[in-house]
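Fit chain H to the supplied structure of chain S, relying on the hints for placement.
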Amino acid sequence: MLRDKKGNKKKSLLDLSVAAGGIMAYIVYKRKKPRTIPLGDGWWGVGEKTLSEDQKIYPFQVETSDKEIEDLYERIDRTRYADPLEDGKFHYGFNSTYLKKVVSYWRHEFDWKKQVAVLNKYPHFKTKIEGLDVHFIHVRPPHRENQKVLPIMIVHGWPGSFYEFYKILPLLTQSHDGVVFEVICPSIPGYGFSEASHKQGFNSLAAARIFLKLMERLGFSQFYLQGGDWGSLITTNMAQMKPQCVKGLHLNMCMSNRGFKVLLSLLIGPYLPFLVGLSREDVRRLFPFFEKNVFEMLRESGYFHIQATKPDTAGCGVNDSPVGLAAWILEKFSSWADLKNRDLEDGGLERKFSLDDLLTNVMIYWTTGSITSSMRFYKENLGSNLNNRVDFKTEIFVPTGFAAFPNELMHCPKSWAQIRYRNIQSYTFMPRGGHFAAFEEPQLLADDLFNFVKKVEKS
Amino acid sequence: MWCIFHCYTSLTCLSHVLLALVIGGLIYFLVQRSKNQVLTTEDGWWGSGAPRDAGEDDTIRSFRVTTSDQELEDLYRRIDLTRPFPSLEDSQFNYGFNSQYLQKVVSYWRNEFDWRKQVDKLNQYPHFKTKIEGIDIHYLHVKPKKVPEGTSAVPLIMVHGWPGSFYEFYGLIPLLTDLSNPHNLVFEVVCPSIPGYGFSEAPHKKGFDSVCAARIFHKLMKRLGFQQYYTHAGDWGWLVTTNMAQLEPKTVKGLHLNFAPPSKPGLSMALSMMLGRHFPKLFGFTDFDIQRLFPCMEKLVVESIKETGYMHIQATKPDTVGRGLNDSPVGLAAYILEKFSTWTSHDFRNLDDGGLTRKFSLDDLLTNVMIYWTSGCIISSMRFYKENFGQGLDAPHAKIPVYVPTGFACFPNELMHTPRLWVKQKYRKLVTFTPMDRGGHFAAMEEPQLMAEDIQKFTKIVEGKVKE
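Top line first, the protein sequences correspond to chains S and H. Start counting the first sequence at 1; every next residue gets the next number (this note's numbering). Start counting the second sequence at 1; every next residue gets the next number (this note's numbering).
Chain S with its partners taken away, still in its complex shape:
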């Protein structure tokens, strides 16, 4: 207990050096923490990898034929409807009575040949990467003089496609204060016109690497990224793999981590939101948590569960039955635009979307027969515990912007996003819109994207 003066001095010197050592070790540790994820490589074609790969880019046209349309009509005419439950609305899934109306439009008024012409208004291409034919559209702005032309890749999700972006493309390729985009919209391998993997294990990391190779092949060394649904995970992976190439990452959906910080904010949030970094709007969108997030998630994630475990079984019937496919896909365009749509007889489907647009998206899945491979993406990504994957433990330092739409499936407050996205330059609460933001509210999304990009370009 009693020490001499010399001992005291020695002790405090020791304490100081230990503290200094500790701080240094922490700094070194922080720096050593990986800021990128490994690129890896892959081969997804049939059989063994070939020695060399054809790297040419081929123009591509969407086509159809009378035979294809007749086959579709025959199947539609063979549909065996079942009576819906009285007063079931959209609570049991896609309502049969309303489905008949949609199908009648599809059979008698929807003009697929006209829609194919619409699809072809932008130039399509295909190129082989890692053994697969990767499809994409490449849209250059019509006026390039005196503009800052920024390359951007936009990635879709499920059950969407590149077609979701057809409303936002004209807005992005038009100048905004001297800034304009050159847009690349690929199809995820296994979706639409991109060839499906023949090997197991094709997950978002593989898709990210393939898309990075695509941008490289197109001659872009630096570019922006935008994504929602699976697109948000893939573009995030791209930013983690080659942050030096990604000038900015804009997302309309964020998969937040679970963890202590999130738990704490859930417990304290309703009462003292500002203490845990939640704004009033965050509170409005998050709580009551169990009802809004847990129960709703359970009610809406059946498709997720079966696609992540038995995609081959789930895809089988819907690849033969166009009406079955339409019900499976369009149910999401109903609930994910606004969960309240389940209380409506018609699922509120045509409030935000036109039947022509909705059916064109369905036809992309139908004519390519890609529903099963699109479902497999769920199993490949969720087969092993996602939280243990390297990308979920790695932070993102690329400038990031979030557009938080009110009817998105799960709200992710800025404070939660900051756990992994360490360089958030903009976070905007959008006034309206749901999961299919680009499809539903192209103007709002485009505006936010331009604002974000301008901010990044200035700094």
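Don't read these hints as lab results, they were simulated from the structure. Where a beta carbon is used, it is the ideal one built from N, C-alpha and C, also for glycine. Keep in mind that a hint or two might mislead.
What the hints assert, rightly or not - For each label pair, taking beta carbons as the anchor points, the in silico distance ranges come out as:
(1) Glu216/S - Lys104/H: 41 to 47 Å
(2) Gln61/S - Asp352/H: 55 to 61 Å
(3) Gln449/H - Arg107/S: 37 to 43 Å
(4) Val302/H - Val179/S: 34 to 40 Å
(5) Thr64/S - Val119/H: 39 to 45 Å
(6) Pro38/S - Asp352/H: 30 to 36 Å
(7) Gln443/S - Glu73/H: 35 to 41 Å
(8) Gln291/H - Lys261/S: 36 to 42 Å
(9) Glu298/H - Leu275/S: 35 to 41 Å
(10) Lys458/S - Asp352/H: 31 to 37 Å
(11) Thr64/S - Ser361/H: 54 to 60 Å
(12) Asp287/H - Lys261/S: 43 to 49 Å
(13) Asp352/H - Tyr73/S: 35 to 41 Å
(14) Pro38/S - Val302/H: 24 to 30 Å
For chain H alone, coordinates are given in the frame of chain S:
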């Protein structure tokens, strides 16, 4: 001071005694209450529109399964229109029903399977239909050809599940209604189809759950003139017959099950999960129990998640998931037969052919699929999941134990393994618990001999007790 202290202690003593009496009384009261707790239910109406004022038509009509050239041509056309999508290299049945093997099954279906012959086989037992609560209920009624002198056949109702049907019992029925062994009891068997399945009409109103099915089946048995009867079931049938026992414990003489997942985990179950691996004897766990239950996380949680995707989507969006399956016979076959593969043994997921024909013939498997196909009942069969899970785990019947004599046949490859301790949690009068040597979820179809023996064993004991 000493006086006050003395008074105080006596008072405390007194209050402790009083407290003990109150608590004891409360426990006794609760136990008594649960013993007498009977599941209650209200009447229902499931037809379209409003119930008619005139009384219900309660006639029993003969029914025959029929088919036509048109039905077969439509089936073949659709099979020919299938657009198969190849399964990933080397994925076997791990992504669901393997596409390459599915083409083989479909080829048999298209070119060799004889539906007319199978329809004759279905019609070998007498079928009937009768209207109850506004919907047509289909059932088989099989009387034994001969009954030993001075006895009567034991009435037995057998209830199927999903994705099965009354056809699952076709191997079992002859063993129960046959008098070849004089030491055996002879049964009179009734096999209904759950409303919304096969040839039973689907309910037109929301809310048709297992309790409603139980109530309807009681009405059916009464209409057929039975006052007391036994039940046998697995899968959904387990819950329907359990509800029957809870609704009318005096009517159900004995409840025989091969599937009994705990609806509400109780204290003993939770303790056994935590300590069972180290103190198996304490919970009556056998080596096999340990093998099937531990490690809990992997065997109970992870395995369940891998296999319950269908349950999740059927319990939330039945109309969506069933939609495509009602147009695509191949899709329907893949969806249903995947279960006949995986639920017979989980190891079958690693086989290129899913081990499908190891325990079942393609004829039997496809006959079951054809029942779903020709009746177009896949959507309504799936709705049963939503109606039952709609209330979560808090349905009244989940909290009420069962005091009717119960027999449990424990098959080794059943989806959810339930050791004796867990079964007893709910079925308080467990008369027999038989660990079986082989067999999975579709036990009646896979191992009819073993099942028949166990039903005999169980019923004899209960009948013997009753005679006493």
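Each hint tested on the structure:
A beta carbon spacing of about 44 Å between Glu216/S and Lys104/H agrees with the range 41 to 47 Å that was offered as a hint. Between Gln61/S and Asp352/H the Cβ separation comes to about 39 Å, which falls outside the hinted range of 55 to 61 Å. Our hint of 37 to 43 Å for Gln449/H and Arg107/S is violated, since their Cβ atoms are close to 53 Å apart. Between Val302/H and Val179/S the beta carbon distance is about 49 Å. The supplied range of 34 to 40 Å is therefore violated.
Separation of Thr64/S from Val119/H is about 41 Å and conforms to the stated range, judged on CB atoms against 39 to 45 Å. For the pair Pro38/S and Asp352/H, the supplied restraint of 30 to 36 Å holds, since their beta-carbon distance comes to about 33 Å. Hint check: Gln443/S to Glu73/H, Cβ distance near 53 Å, so the stated range 35 to 41 Å is violated. Hint check: Gln291/H to Lys261/S, Cβ distance near 40 Å, so the stated range 36 to 42 Å holds.
For the pair Glu298/H and Leu275/S, the supplied restraint of 35 to 41 Å holds, since their beta-carbon distance comes to about 39 Å. For the pair Lys458/S and Asp352/H, the beta carbons lie near 59 Å from each other, so the given range of 31 to 37 Å is not met. Between Thr64/S and Ser361/H, the C-beta spacing of about 43 Å breaks the proposed range 54 to 60 Å. Hint check: Asp287/H to Lys261/S, Cβ distance near 45 Å, so the stated range 43 to 49 Å holds.
Look at Asp352/H against Tyr73/S: about 37 Å separates their beta carbons, and that is inside 35 to 41 Å. Against the hinted window of 24 to 30 Å, the Cβ-Cβ separation of Pro38/S and Val302/H comes to about 27 Å, which satisfies the hint.
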